[in-house]
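A.B. asks: Listed here are the chains, written in short residue letters.
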Amino acid sequence: MSRYDTDALLALAGSIVDRALAAGATVAEAVAGEERHLSAKVRMREPELVEEAGSRSVGLRVMLGQQVAATYTSDLTEGGISRFVADALELARLSQPDPFAGPPDPSLLCKPSELPDLDLFDESVDSIDAARGLQMALAAEAAALGLDSRLNNSEGASVSRQSGASAIVTSGGFRAARRGTYASIVVSPVADDDDGKKRVGYYWSSRRHLAELMAPEAVGEEAGRRTLAKLGSRKLDTQEVPVIFDPDSGRSLLGLLASCVTGGSVWRKSSYLAERLGTAVASELVTVVDDPLIARAPGSQPYDGEGLRARKNVVVERGTLSSFLLDSYSARKLDMQSTASAARGSSGGVSAGTSNLFLQPGTISPEALLRETDKAFYVTGMMGFGFNAVTGDFSRGASGFWVERGERVFPVSEVTVSLNFDELLKSIDAVANDLDLRTSISTPTFRVRAMTVAGK
Amino acid sequence: MPSPSAYVAPFASGGSAPIDPELARRLLSTALSQGGDYADLFFEYVVSGTYALEERILKSASRAVSMGLGVRVLKGDATGFAYVQELTPEAMTGAARTAAQIAASGAKVAPVAFRAPKVGERYQPRLATFDVLGETKRDLLLRADAAARAADARVIRVEASLNEELREILIATSDGKLAADRQPMLRFTVRVIAEQNGKRQSGSSSGGGRVGLEYFDGKSVEQHAREAVRHALVMLDARESPAGELPVVLAPGESGILLHEAVGHGLEADFNRKGTSNYTGQIGQRVASDLCTVVDDGTLFASRGSINIDDEGNEPGSATLIEKGILVAYMHDQHSAGFFKTSPSGNGRRESFASRPLPRMTNTMLLGGEHDPEEILRSVKRGIYASKFGGGQVDISNGDFVFSLTEGYLIEDGKLTAPLKGVNLIGNGPEVMRRVDMLGTDFALSDGMWTCGKNGQSVPVGVGCPTIKLSAVTVGGTQAG
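Same order as they appear, the protein sequences are chains H and R. All letters in the first sequence, in the order written, are residues 0 to 455 by numbering that gives the first Met the number 0. All letters in the second sequence, in the order written, are residues 0 to 480 by numbering that gives the first Met the number 0.
What the hints contain is simulated information worked out from the structure, not anything from laboratory work. Heads up, the beta-carbon is just placed ideally off N, CA and C, and yes, glycines get one too. Hints are supplied without guarantee of correctness; some may be wrong.
Unchecked claim - Which bits of chain R does chain H cover? Going by a derived footprint, with three or more residues having C-beta under 8 Å, they are:
hint	region
1	80-86
2	129-141
3	194-207
4	267-275
5	372-382
What the hints assert, rightly or not - With a Cα cut of at most 27 Å, we get these calculated DSS-like pairs of lysine-lysine:
hint	chain 1	residue 1	chain 2	residue 2
6	R	340	R	453
7	R	198	H	425
8	H	455	R	380
9	H	455	R	340
10	H	268	R	198
11	R	176	R	117
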């Protein structure tokens, strides 16, 4: 049996909606959430931290006609809740009518009989206690540090578990609750380089089901290998060269694409893709899918933040921008249909977002992709925030490896990679098959024909 | 209108569940019951609000109340940590028991009697935002919108927002500190998009601090609006940036964020305690050119990074970290100060009751030098002038950093020529600090807009610096060669 009483959360959210309507709201939507977590961290083979806590909070969005406001509180005393409802109404009176505001189309709401079981909750995750968490973390760190004597320090190893439940009740008639779990392990060893610099590397595993989590030792060994591989890093000469992105760095590029195709940036025209629907925006090798219905995946959800039936959306199909990701509001602004992509934060506010967004894998292995590359910069880490969504200008710090004749030759750090994002997506000339849905935004390894690498 | 004074932390005197010293002492005893060396209680109540204008209307308004208690127990180098939101005696005792478990054995320490540390008065907002009617705040945003649109016909979008916060904290420690503080915060931002010949660019202006609405007497919403428009219009003419190693001149004030990333984080003592910072073991050694004196000062009046008391009940100070290029001190929290056998420097800060304290910067500044800023510019034949920053990141272990500019110019023959787009500066903190070869007389503190992230925790910080010349930095532009 789960410890989460979703009926109680539904009752709490329902009572808030009733109070808001009684106070004069014409639309009221409440979320009630509950969460518990534990993290156990070790460093240099000693326990460093055990953190254990739980929390509950409620969020509310109200409309007075077309005036909108949102409130949040973790003060669930009678006084706290009544203040939270009164605040929402007061703020709605202050805001000004927005002709596009309104609840979602009731005919699109997910019906209780249509709720898919996405298998997002694993009872066994909550069974990790502090002693077991510390033991797993110790094993993971020891595996990393035992790999090589140059791994002589550590930022530590942590094991975390998290579980939670949330309920949504809306005055439009939607009422549902869901639960989820997450377990993760991360190891971060440090090595001294010959030039006196320290090199820190990491590796991690994260899953909704405990049984699918990588073994602590395997995570630690991979973290150790990755850290050692950075020793001897140097700058490259400034040049134009093919660039390969591994899944960790590729994911952050796909995250930038996400920020350009979600409703808010599209109707605000703060995306360079705002007027490009139906046109070529990437090479034919690029298909990008947002799919909330994958069992056990990190970003899966049976319904969106407004209660619409979740659905798979193809955002880019063989290079053509085929769909934006929209909630009801951005759909109305753009005179389109919602794609059931509403994300509702715990604080009550709603905006369009992604679920599991990924770049469709190709057919060749990442090793084969590397072998067929004569010269390239292979990026395994990115730093900084150099992206302008309005223009697509992109320039970020990067580290990784120099590749020659299909082999990694030496590690590289302290360089930047730059290219306008529009050209970058159109220049993707190889996509590998190593997609792993560890995160809600993910890509396999892929290669860009040429980018400016700035170094010496 | 409900009276704004209705927001009272339940744990404060006059609140619904006041914490008296006797209750705090009992909770600390429970926290130490398994043999912990030290324990602290951190009560927090935060009310925050956002008013957001776009498309000429106040489109959304929101408010959030967050409260809870974090209990921490130290045992050697290990920490036990638990928190609760419900401030009932049962819930609080439960959290104290959970945190206590980090210590499985050991001599039991009893909490010592409380004394109140000295608490400064570094913020006294005259027009505390929660005491001002919502309509007044709405008018400020509407004025910003009108000013931006009046400034230039190429402005096609205006967004303006006002964020307000009041954070009440109460700290009780087993070594006898009992301290409280009320920390206000205001942040105002205008962002515009301008369009010309089908090209679009954005510009922005932000500011604030631990102030009330009297902030706008010093810099009006109209000034912010015109600054955002100026920024967007300049960027409409921006061209591709050169790439490679070039001399870089940093504008005064905002560029302090580069210093914050390039050296500041490496001087936070937790990394040095663990031996994972590039500055580990370098106290007394040269880490920057002899022009450089770097100070962290949490005591500046009303600055975004200022505090009356840190989140562990220690007094902030003005600490010189680097003096004429020589590393003299790290920034400490309670834990790292114990390790280095020094006193805490008042840098123990936490995002909220739900996170642990860490050594963090407050207001970090590179002090001014002796060069005329004009002369600094004239000394550069071909380089980059950096005036606005989007943000930056550092790898603490080796000091490698990256910054992206949102406004920068090419310097040719000592003069600013073309505005540039897509510019990144990438380098290594210690190396770049050795390449500081001129410092201006024009020291300035940045307007209050920066938030620093570390280990997933965000805290407000201040930065400041004069015009700085760096002899060479890698510029990540798009034009190779």
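A.B. asks: Checking each numbered hint in turn, tell me which of them this model violates, lowest number first.
C.D. replies: 5 and 9
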